[in-house]
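Engineer: Construct the complete structure from the given sequences, taking the supplied hints into account.
2 protein chains.
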Amino acid sequence: MTSREPIEAVLDGYRTAVSAKDVDAFVALYDEDVRVFDMWGRWSYDGADEWRQMATEWFRSLGSDQVAVELHDVDTVIGDGVAAAHALVTFRGLSADGEELRAIDNRLTWALRQTREGAWKIVHEHTSVPIDIETSRPIPRE
Amino acid sequence: MTSREPIEAVLDGYRTAVSAKDVDAFVALYDEDVRVFDMWGRWSYDGADEWRQMATEWFRSLGSDQVAVELHDVDTVIGDGVAAAHALVTFRGLSADGEELRAIDNRLTWALRQTREGAWKIVHEHTSVPIDIETSRPIPRE
Chain A
1 MTSREPIEAV LDGYRTAVSA KDVDAFVALY DEDVRVFDMW GRWSYDGADE
51 WRQMATEWFR SLGSDQVAVE LHDVDTVIGD GVAAAHALVT FRGLSADGEE
101 LRAIDNRLTW ALRQTREGAW KIVHEHTSVP IDIETSRPIP RE
Chain B
1 MTSREPIEAV LDGYRTAVSA KDVDAFVALY DEDVRVFDMW GRWSYDGADE
51 WRQMATEWFR SLGSDQVAVE LHDVDTVIGD GVAAAHALVT FRGLSADGEE
101 LRAIDNRLTW ALRQTREGAW KIVHEHTSVP IDIETSRPIP RE
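Protein sequence lines correspond, in order, to chains A and B.
For the first sequence, position 35 (counting from the first letter as 1) is numbered 35 according to this note's numbering, and the numbering increases by one without interruption.
For the second sequence, position 22 (counting from the first letter as 1) is numbered 22 according to this note's numbering, and the numbering increases by one without interruption.
Fair warning: there could be bad hints in the mix.
[Claimed, not checked] Okay, the calculated beta carbon distance ranges per label pair:
| no. | chain 1 | residue 1 | chain 2 | residue 2 | range |
| --- | --- | --- | --- | --- | --- |
| 1 | B | 72 | A | 9 | 46 to 54 Å |
| 2 | A | 49 | B | 140 | 22 to 30 Å |
| 3 | A | 63 | B | 136 | 20 to 28 Å |
| 4 | A | 97 | B | 16 | 51 to 59 Å |
| 5 | B | 40 | A | 80 | 29 to 37 Å |
[Unchecked claim] Here chain A is said to cover these stretches of chain B; the calculated rule only asks that three of the stretch's residues, wherever they fall, bring their Cβ under 8 Å from a Cβ of chain A:
| no. | region |
| --- | --- |
| 6 | 33–40 |
| 7 | 77–89 |
Since the hints were made in silico from the structure, they are not lab data.
Since the model is a prediction, treat every value here as computed from it, not as a measurement.
Glycine is no exception: its CB is placed at the ideal position from the N, C-alpha and C atoms.
Structural biologist: Next up, the structure:
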């Protein structure tokens with residue numbers, strides 16, 4: 001078992017990059033060949049370029065708002081060279097003066113790989129909400 | 001890099017267990033402490049007992065129908081002791097005489113851990129479909 005610290009550093013880096021709306025810092029968390037199964041809009045993002053475009057549009061769409069990322073029930077499994085993390089996430093939309101405008105809950109899974117230089121990069125991300133089988137609508141978190 | 005074979009054996013085991021509606025073979029693929037973010041009905045299944053109950057109900061609900069699992073675009077990342085796999089999945093509902101009744105597409109992510117005895121067990125599963133941001137409805141696969 002390897003230390004959890006490097007994976008927690010990636011989680012911290014994610015929070016910080018989203019809060020700062022810093023596209024470069026955000027994309028630097030991911031592997032060049034990342035594949036993302038995102039909750040919104042499409043089945044898959046393939047490669048860091050497509051994911052950079054998503055982040056650019058997301059952060060631009062916020063205007064002067066900010067997004068605070070809260071992680072709950074984080075669980076990690078860390079091997080030699082490969083790790084996975086999963087958690088419940090709350091994204092809180094905040095106005096420029098810190099007022100909460102909206103909040104959305106999400107389930108998050110990451111697979112990470114350690115580079116030759118020792119850094120951990122996200123090679124796969126999966127976010128979603130569960131679907132009600134009767135209504136085909138997302139189920140709000142309890 | 002470790003061989004992909006053991007992970008592909010788990011994928012094969014999943015297909016076989018679902019096709020046979022074999023609850024024991026299905027649950028044997030998972031770690032005791034598995035956490036599943038399933039596409040349907042609830043935010044999380046925690047532990048093999050909750051997951052066994054889901055499988056029991058799922059297989060019983062099929063009556064004489066069967067489910068064929070097809071995996072597409074499988075990608076694996078395998079380290080020493082920990083691995084991850086992600087894929088697009090088609091679940092095909094078949095009548096007892098093999099006629100296709102329905103089909104549903106899914107995105108699947110697994111995190112796996114190798115036990116002391118060398119077996120690979122699924123410690124985390126995440127399945128979903130993406131959501132249309134305008135309608136809040138699942139997006140059909142292209």
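Engineer: Against each hint, give a clear statement of whether it holds in the structure.
Structural biologist: Hint by hint, here is what the structure shows:
Against the hinted window of 46 to 54 Å, the Cβ-Cβ separation of residue 72 (chain B) and residue 9 (chain A) comes to about 34 Å, which falls outside the hint. Checked against the given bound of 22 to 30 Å, the beta carbons of residue 49 (chain A) and residue 140 (chain B), roughly 25 Å apart, stay inside it. Range check, residue 63 (chain A) to residue 136 (chain B): Cβ separation about 23 Å, and the 20 to 28 Å hint holds. At roughly 57 Å, the beta-carbon separation of residue 97 (chain A) and residue 16 (chain B) lies within the given 51 to 59 Å, and the hint holds.
Range check, residue 40 (chain B) to residue 80 (chain A): Cβ separation about 35 Å, and the 29 to 37 Å hint holds. As drawn, the region 33–40 of chain B meets chain A at 5 residues by the rule of a beta-carbon pair under 8 Å; at three or more, the given contact holds. Evaluation of the coverage hint for the region 77–89 of chain B: fulfilled, as 10 residues show C-beta separations to chain A shorter than 8 Å, against a requirement of three.
Hint violations for this structure: number 1 only, all remaining hints satisfied.
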